[in-house]
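Chains as they are written, first to last, in the numbering used here: chain A, 302 to 632; chain B, 302 to 632.
Just so you know, the hints here were simulated from the structure itself, not pulled from any lab data. A hint or two may mislead.
Result set (DSSO-like, lysine-lysine): computed pairs, CA atoms no more than 30 Å apart in a straight line [claimed, not checked]:
id : chain 1 : residue 1 : chain 2 : residue 2
1  : B       : Lys-495   : B       : Lys-619
2  : A       : Lys-498   : A       : Lys-516
3  : A       : Lys-533   : A       : Lys-498
4  : B       : Lys-615   : B       : Lys-498
5  : B       : Lys-533   : B       : Lys-516
6  : B       : Lys-495   : A       : Lys-392
7  : A       : Lys-516   : B       : Lys-392
8  : B       : Lys-533   : A       : Lys-392
9  : A       : Lys-615   : A       : Lys-533
10 : A       : Lys-533   : B       : Lys-533
11 : B       : Lys-516   : B       : Lys-498
12 : A       : Lys-533   : B       : Lys-498
13 : B       : Lys-533   : B       : Lys-615
14 : A       : Lys-516   : A       : Lys-533
15 : A       : Lys-495   : A       : Lys-392
Number of protein chains: 2
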Amino acid sequence: MIERREPSSSDVLIEIDYCGVCHTDLHFVNNDWGITEYPVVPGHEIVGRITEVGTDVSRFQVGDLAAIGCMVNSCGDCQSCLDGNEQYCLKGFTATYNSPIEDPGGLTFGGYSQRIVADQSFVLKMPENLEITGTAPLLCAGITTYSPLQHWSVNAGMKVGVVGLGGLGHMGVKFAHAMGAHTVMITTTPDKGKDAKSLGADEILISTDASAMSKEAGEFDFILNTIPVDHKVDPYLDLLKVDGTMCVVGAIEPLNQVNAAQLMFGRKKLAGSLIGGIQQTQEMLNFCGEHNIISDVEVIRMDQIQDAFERLVKSDVKYRFVIDMKTLATV
Amino acid sequence: MIERREPSSSDVLIEIDYCGVCHTDLHFVNNDWGITEYPVVPGHEIVGRITEVGTDVSRFQVGDLAAIGCMVNSCGDCQSCLDGNEQYCLKGFTATYNSPIEDPGGLTFGGYSQRIVADQSFVLKMPENLEITGTAPLLCAGITTYSPLQHWSVNAGMKVGVVGLGGLGHMGVKFAHAMGAHTVMITTTPDKGKDAKSLGADEILISTDASAMSKEAGEFDFILNTIPVDHKVDPYLDLLKVDGTMCVVGAIEPLNQVNAAQLMFGRKKLAGSLIGGIQQTQEMLNFCGEHNIISDVEVIRMDQIQDAFERLVKSDVKYRFVIDMKTLATV
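So here's chain A without its partners, still in its complex pose (with noise of 0.2 Å):
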């Protein structure tokens, strides 16, 4: 039996209506990465029902719809925190899953749970009229696509290239659309390409045509690259203007060739970029709400995770499982 803790009195508990799976899940559960702690909950793209309110509790009530992202809390005291930028915070953030927490000690346990305690600082409020099952994505996949674009101010007079097709590229294809700017949605596959029109891409670019690639050289202001994995750059990079900036989401990882020639001539930017701060996470659900933006997903059942980790990894699924936590009961 996990413990979990009390609600004091700055924390609400929610009853977890639906979390998302990321990739970065299974990592955790297949201890990839060599930092996991077991027993791990994961989860990190939670939406519910608060059911309690601490007694210091002002932003929320009984029956509003919240959410939780990646992070639960941060030092709040440096500079990061106090501008706003929790994801960066100098001591390190405490992450909603497998991150050391002192009250009730031990680790932090995620959203693949029937309910989640937190300390309302970190809790969003869920615009309601947004059809839930595809809201719960928006915070990680939603927030790590929204923030960048945001940060570089992606506007109507921008072209902007959305590099991947994925759980973060779809997502990235209907910001950069709902914000006004020509979206070209840059992917290796053809058959994709119906697909990002249909979630509101401009054009497609298929990168692995040189000469369609060519063409686009020096075009873009900025690009978002999503792909998950080391790759090559430079082509990427030569799409960019003068002055432009691709950030990196995807690939925590080193990329093994990046041509420093390509950043001189033309004084461009590679740049990253990981989710995004609280504020700025209820700024892109506000922003959802009103552009009635949600995330394509396949809700499954509890008991259909271990199949959901085995297509994740073929990047079998349109484009984010969700698990419907009622399901957790039965299981």
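Given chain A, work out where chain B should sit, using these hints.
Quick look at chain B alone, frame taken from chain A:
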């Protein structure tokens, strides 16, 4: 005999006093990049007196101290040229040497010469108060380091690192110091520390000292990286603050390992930059005039150039060779 173009109505003729020796000159002489067209006359750090002006020349008079850097022309019509970024001309700028030119045909010839003819719009005014021998390298080593420091708004509130102490690095230290930044020389070589302090560095950080590097992690707003060859950039990215930028100005080649996680966990940027635009180059020269900044040079005779090239390969110069072009007549 090499044909020289007759000055047109918008040209000036410069009697060259000094020409700096850039490593690029050696690469061209040796055809290291496989693009040299012979005969090649190198030299793109040129300073001298104007001895002739065309009828339409308004910016210069005979007798003016003038300079030419790496470019002598660009298309003038593309967005980069319109933005004053001729160095990123989308059609490619006309380099000062070994670049195709319509008048008189053939290739441009550079500053290892007694005279040069160029359109007034690519000619700079050199402040008269500077010691002339140290001014030539400002036209390449100077602008290459000034431009990114200025583009990324380096100022008194910032901690700035300069990696590598050579022709570029020593100018980077002088500029960062003059812009008011807390300037840190980052080098593998403890011996260079004393020199760096005399150039204006507030601190020396030895990059092979893991403990010192660890202490400085997350402390830098901006890093100017002048290392001229492939190297691991991760240890330097680790020094950057959240949202910090490292700009590469030395290594025109593939960087064989860039850790994307370093970029992601701090929204950091790896950028590149190439010389600077003409207006910015003039601003840099004016800045040098105001702050009495010149390059530290060793003046050589034209007949010493082979020896200088050999010493350049061994980094055996503090910090730039400059040829006294009056000595060419006696070779």
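Tested hints:
no.	hint	result
1	B:Lys-495 x B:Lys-619	holds, 13 Å
2	A:Lys-498 x A:Lys-516	holds, 20 Å
3	A:Lys-533 x A:Lys-498	holds, 25 Å
4	B:Lys-615 x B:Lys-498	holds, 22 Å
5	B:Lys-533 x B:Lys-516	holds, 19 Å
6	B:Lys-495 x A:Lys-392	violated, 35 Å
7	A:Lys-516 x B:Lys-392	holds, 14 Å
8	B:Lys-533 x A:Lys-392	holds, 25 Å
9	A:Lys-615 x A:Lys-533	holds, 21 Å
10	A:Lys-533 x B:Lys-533	holds, 17 Å
11	B:Lys-516 x B:Lys-498	holds, 20 Å
12	A:Lys-533 x B:Lys-498	violated, 40 Å
13	B:Lys-533 x B:Lys-615	holds, 21 Å
14	A:Lys-516 x A:Lys-533	holds, 19 Å
15	A:Lys-495 x A:Lys-392	violated, 44 Å
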